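S.K.: Letter by letter, the chains look like this.
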Amino acid sequence: MIQPRKLSGQALTLLAILLDQPKKWRHGYDLSQDTGLKSGTLYPILMRLCERGMLESKWQESSEAGRPPRHMYRLTTAGGALARQQAVPPSRSAIGLTARQA
Amino acid sequence: MSRVGSPGVRRLAVLLVSHAASALPQGRGEWARSMTSEIHHIPESAAALSWAFGCIYASYTERIRTMTHTAPQLSRWVLTLEMLLCFVPLTLLFFTIAWYSAKFRALDNFGYLSVAALGPVGFIVAFRAIVLNRPSLPRPAIIALCALAIWTPVAYTLHVLGESGSVLGQWREVILVGLLPALAAVHLVFLARSEIKPADPVPHELRG
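Chains A and B are the protein sequences, given in the same order. Numbering-wise, the first sequence is residues 1 to 102 according to my numbering. Numbering-wise, the second sequence is residues 103 to 310 according to my numbering.
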């Protein structure tokens, strides 16, 4: 049987943060601040999760004039299920603990 | 939202993110746009610069990941040129020794023939890979090619050392007869094992 690829600690952290408000659309910088992940780590994870259908994305016009639209993300149903299955409490994930360690 | 920090630092951050966006592999256009738009929403210049460096790291990582997952293909013409350059001198040497041995009935030249055998053998394998598009080889052929690739440079270098005591005076011959054919043979073994076929010089979609 093919085992699904294990998610990294950072991906689990991101899922946990998104699971806090699963219906809310979040932008990259916002997620970076909440998770503590730098853009160099965050973007590859976002790409991977979107590819696997765990996240959905949309473009939202900026409320501020002259600013470009922002890319927003939120969990899909499958992403929500995965996040609940591998849930890491945000308070613990913030200090770098993964589901396996918890 | 007002912007905080040096405008110069912000301009640098925007430049870096533009570079990061252009470095992303094909098919990541939306992510390139995501990076370039997000930088305009970060209030602090220092944070924007940090974000930009992260984007460069993410882009390079993606680029490298795509490269390593793509099968490297060699142009048929480049491979032909490489094989001609590497095997022609040794093949000429092989046939010269064979002709000499047959004409003067010098049957003691078997050792020399074995050293030069990599030339015609390599030619046959290269012909198979390039013209017949069949780079794969059976295991015994791979072992034989590897053995010849070791034997030829070692034996030729020892021969040169035995005759003149140093390879420095004949380094061109050592490279031409010993080293280049061995490297080409190793390349053929690599192609055989990885099953990479030489790429056509003209892509299929451009053909009439």
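No lab work stands behind these hints, which were simulated from the structure alone. It is possible that some hints are incorrect.
[Unchecked claim] Quick list of in silico lysine to any residue cross-link-like pairs, SDA-like style, CA-CA up to 20 Å:
id, chain 1, residue 1, chain 2, residue 2
1, A, K6, A, M47
2, A, K58, B, H142
3, A, K38, B, A200
4, A, K6, B, R167
[What the hints assert, rightly or not] Calculated Cβ distances over 12 Å to all of chain B for the following chain A residues:
id, residue
5, G9
6, K23
7, D34
8, S39
9, A78
[To be verified] Some chain A residues judged to face chain B by a derived CB distance under 10 Å, without partners named:
id, residue
10, M47
11, W59
12, R67
13, P69
A quick note: this is a predicted structure, and the numbers were derived from the prediction, not measured. Note that CB positions come from ideal geometry on N, CA and C, so glycine has one too.
S.K.: Each hint: holds or not?
M.R.: Outcome of the hint check:
1. K6(A) <-> M47(A): Holds - the C-alpha atoms of M47(A) and K6(A) are around 16 Å apart, at most 20 Å.
2. K58(A) <-> H142(B): Answer holds: K58(A) to H142(B) is near 17 Å, not above 20 Å.
3. K38(A) <-> A200(B): With a Cα-Cα distance of about 68 Å, the restraint between K38(A) and A200(B) is violated, given a limit of 20 Å.
4. K6(A) <-> R167(B): holds (18 Å)
5. G9: holds (17 Å)
6. K23: It holds; K23(A) is separated from chain B by about 21 Å at its closest Cβ, greater than 12 Å.
7. D34: With a cut-off of 12 Å, D34(A) remains clear of chain B, as the shortest Cβ separation is near 14 Å.
8. S39: violated (3 Å)
9. A78: With a cut-off of 12 Å, A78(A) remains clear of chain B, as the shortest Cβ separation is near 20 Å.
10. M47: holds (6 Å)
11. W59: holds (8 Å)
12. R67: holds (5 Å)
13. P69: holds (6 Å)
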